[in-house]
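Number of protein chains: 4
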Amino acid sequence: MKYAIILGNLGNTNDRFLSSGYKDQPTKEEMIKRAAAIEGVKGVELFGTWDITSENVEQVGGLLSKYNLKCASIIPDHFAQKRWGSGAFSSKDPAIRAQAVEETAKMAEAARALGCDLLSLWPGQDGYDYPLQADYRQERQWIEEGVRGLARSYPQTRFALEYKAKEPRTHSYLARAGDTLLLAQRTGQANVGVTIDTGHSFVAGENVAEAAVMLAAYGDKLFHLHFNDNYRSWDDDMIVGSVHFPEYVELLFWLREIGYRGWYSMDQYPYREEAQGALRESIEFLRAIERLLDEKSMGEIRELVKHGDAVQSTRWLRKRFLG
Amino acid sequence: MKYAIILGNLGNTNDRFLSSGYKDQPTKEEMIKRAAAIEGVKGVELFGTWDITSENVEQVGGLLSKYNLKCASIIPDHFAQKRWGSGAFSSKDPAIRAQAVEETAKMAEAARALGCDLLSLWPGQDGYDYPLQADYRQERQWIEEGVRGLARSYPQTRFALEYKAKEPRTHSYLARAGDTLLLAQRTGQANVGVTIDTGHSFVAGENVAEAAVMLAAYGDKLFHLHFNDNYRSWDDDMIVGSVHFPEYVELLFWLREIGYRGWYSMDQYPYREEAQGALRESIEFLRAIERLLDEKSMGEIRELVKHGDAVQSTRWLRKRFLG
Amino acid sequence: MKYAIILGNLGNTNDRFLSSGYKDQPTKEEMIKRAAAIEGVKGVELFGTWDITSENVEQVGGLLSKYNLKCASIIPDHFAQKRWGSGAFSSKDPAIRAQAVEETAKMAEAARALGCDLLSLWPGQDGYDYPLQADYRQERQWIEEGVRGLARSYPQTRFALEYKAKEPRTHSYLARAGDTLLLAQRTGQANVGVTIDTGHSFVAGENVAEAAVMLAAYGDKLFHLHFNDNYRSWDDDMIVGSVHFPEYVELLFWLREIGYRGWYSMDQYPYREEAQGALRESIEFLRAIERLLDEKSMGEIRELVKHGDAVQSTRWLRKRFLG
Amino acid sequence: MKYAIILGNLGNTNDRFLSSGYKDQPTKEEMIKRAAAIEGVKGVELFGTWDITSENVEQVGGLLSKYNLKCASIIPDHFAQKRWGSGAFSSKDPAIRAQAVEETAKMAEAARALGCDLLSLWPGQDGYDYPLQADYRQERQWIEEGVRGLARSYPQTRFALEYKAKEPRTHSYLARAGDTLLLAQRTGQANVGVTIDTGHSFVAGENVAEAAVMLAAYGDKLFHLHFNDNYRSWDDDMIVGSVHFPEYVELLFWLREIGYRGWYSMDQYPYREEAQGALRESIEFLRAIERLLDEKSMGEIRELVKHGDAVQSTRWLRKRFLG
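Protein chains in written order, with my numbering: chain R, 1 to 323; chain A, 1 to 323; chain E, 1 to 323; chain C, 1 to 323.
There could be a bad hint or two in this list.
The list treats identical chains as interchangeable, and a pair is accepted whether it falls inside one copy or across any two copies.
What the hints assert, rightly or not - The calculated DSS-like cross-link candidates involving lysine-lysine, where the alpha carbons are at most 30 Å apart (straight line), are:
no.: 1; residue 1: K33; residue 2: K221
no.: 2; residue 1: K319; residue 2: K2
no.: 3; residue 1: K106; residue 2: K92
no.: 4; residue 1: K23; residue 2: K82
These are calculated hints, taken from the structure and not from any lab test. Being a predicted model, the structure only gives us computed values, none of them experimental.
Isolated chain R, as found in the complex (with noise of 0.2 Å):
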């Protein structure tokens, strides 16, 4: 099993409210100091701009070295400078456009550096806020052209794309699984895929094991995951497990069985919390289900599954986690 955390996670938090944020910043050193000292951790996620950016690229390595992380995919900033406000990779500006391009292709060329071949590449700015306010069809095409010809060029480096609903935009163009599957699709590009974020995923009304066996089946589009939880209307990026239940087991079952091969990754945003404890406490409930699911309990779900009887199913999960 491989888990990351996404870096920043460690840093500072901040909302609308307090754009000042809740915390103080730590150093760099000391966050990543503190994410390898989580058991478990073997790589972190890196934020362009925040983390990560072509001029510190060797220092960033060689911190990671130093303290024996990998990095785990690099996600391009798209959405934390004031040019990509009104929109990215679909900025009605064709210059804001080549920049956001730009930006990633430079992002791609950190991660090979760093020996990573993932990028997750969140256009969350890349949406509209009002209705008659977007040309839905011209806009959606600029964000599959901008893709397409980032993994044309970067053949090696497989690029997945991340969905969320709304945040900061009242929509985005990368919403559900369905929708971001579709783009991927259109590239014409294998080496375009999803990611899932599991609370994107309750947001959006899915069912987070659903949707990730939906992107295996549909040509093994499931590139990477990211962890978190919250109460189905927003993204809290709360702790994992702290709401939801049995909708992690029933995801790590799904994700044995389809295969997947990537990056269990802790994507939260502890506005209040002692980071390194909320982190670290999401993983220790994320392994304690994977010390349940053993064979034979993987073997009883694959009957629970076949036989559909929500009586038995959920009687299972009891007897198995609560004694």
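Since the structure of chain R is already known, use the hints to place chains A, E and C on it.
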């Protein structure tokens, strides 16, 4: 601990697409027998019209005695006849309003005859569907007046108002814990309180434990409790614990803290599930939590809620329940 | 413009609390007569079992002729009989899956006999309710196989898959525009496409105009349209425009832009409303928008969506519609 | 009609992804000037810390006079400093609770100095995020005590409690109209009431007009109103009328019926929009409705809500507003 179930949960189920039902309807005695056979069940709740009428009180009483079950409450019918279709207590037709009161009075008599002091009122048709369709001021007042009159006429009976934000109307007047408590207070009668249905509370966006504490703190007004689970957007009436987990732990903790002495009554709607098994599973889930909530655990949770550290709280839950 | 209504909208209505219904059931001829009397209505959609069977095709055809109505589509019954209760195309029972195909084939024949080339498939029971209850991989594939076989057998018939995230199951397989289009594509048959129900799209968290554009752009797959309104959390099936407004303007704009040539069919469920009036009101609302969407308005909206200024878009809507 | 805006709406905007902001920050005078330039605006609401402090009261008062604006209310800062991060009035730290009261008292003084008798309290950090993290009984009581003390100390000032179900916490204590009114009542002070924010009410699943009527009917407790729009699942703080329409008509009708005499204050968050235009558009939308709500219309709506026929109500809206 006093577990109960709503008798009708063991009957046929239907929806607007399959109005003849997903199942067959057992006889009343068969349903009572099945209820009694669920370990831990000491009482049943009876629906007016469906389970009990002024005419069959003695017969029902005999069956309950035979199977050693108490009548936990009666839920008068304010929703299952055409005449209530546009409201019962708040109907624009004064004759219907009078009938709503009369029907409730009959059930108060029936409850008394069965040695039961609790009526759970769920005026599900009292609401509205469209903008500009209702006189919110007048109609809420009619509900208040109807309930006040009943509470005065039957001072030995406790009237628990059950809230639910929507279904069968798009908006109910008794929608949330707060507005329902306000109406209960307005009656000025000590024997008017509130029923929490855990699923209704989820759908209302409430934290169910917080709602229970508020009702208790503001006049000891938590009179009754219905248990079920759902996906938070609709009253799915599922097996308790099939979706959520920490929130039930928290609820059971707080029910002890506030000294709740009423029933823990299962209110499910097992559309396609074998009903007895679905109800048994809910009670077994609650019992499993109760077992772990020993005095030591209670003390530890008291410290956790006083301290407020989410990492500690989540860790405690994991360690106590997942080992 | 071709307005239609679903015939059953004019019949009795019920829910799980009042299964005998809020209304009385008119005769089939009475319903057809009432449909024909709504200005603008040129066609009706027929539900299998409820409205049409292999046995009454000729009779129904006669009535449609008499009242000068076309059969806009048939919606085969995959939801209103006990045998479909745990799924039709995805039933774990191969006999039921075969029946689902067979029933659909009969309705394809019936449609042909009525001069109608469209079947709108709504496999509402094809889904699941609880975690660990379904084999997502296998069951989705069964739906795909069933639909592919039908599309091959009836190449002159268009099969429009209608998606809906939930109800009657807590999770449907055809849940959103994207995953439904993916399944349609997987059949490899040009005569398989998608039906958008505006209310289902609202509940799925989609922007309905964006969904329509995506289906059109990705293979001209918007085959059919159902109109109704709701409060976004449930399929309330209300009068069009009773809750929302700008989103219908936007949808009608984009339907013209993408060259949609299908029906505008009303799909409501007027629980307590006089049905003919409720349907008429929906059509009048759409017509009022259409009137204002003249060529000048179309040109102006084209500029607005190209420019993307929400203040301008909102102002335009206000000035054009509220004067 | 007394329109106001929240001054900060004209300033920079940010979120957790772009904490430095989507815009540039104008000077205070520039913002006041822009507010005054919006036709119909007679007052501004001031945020503590951001707009007003004990130190700059005179300066702010001078600017308001210069531009002929009244101070409509002050919203004391209980959310925008690190010290409030885990709660203000309900902080587990008694020193913070004291500071919350002290800060509010300062703003009561500032308001008095500006000739304003209204404080709108939005204790947005007073809530919790995780299960088992909060002592609901104790913490709600602390809020009650804090507000009661302030209301007694400043009997000439009206304290309007603004509710919001979530953000920045996953659960707020002042979450819905009902529970907020209950707390207001518990203070036992006539000068404690409630602020409705239309968008918060949508997110809470309330019908905003019904909430307004309830607050008025239960003790004349609707003290203040914030206007904005959203998609019902999150506080998007959009231009009024950009998504919803009939519900604003209904609200304006009922505000007249209950004799509301307070401000109609715009509370938006125009992340990417030109702010002055976005605010102007909201006011123009409300004015357009007001124009159509003449005495004849008021009388007609009175009949509609008495009659309760949804078809009639919907038709009336269409005919009156879409012509």
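Checked hints:
no., hint, in the structure
1, K33 with K221, "neither (32 Å within a copy, 52 Å between copies)"
2, K319 with K2, "both (28 Å within a copy, 23 Å between copies)"
3, K106 with K92, "within (22 Å within a copy, 47 Å between copies)"
4, K23 with K82, "both (23 Å within a copy, 8 Å between copies)"
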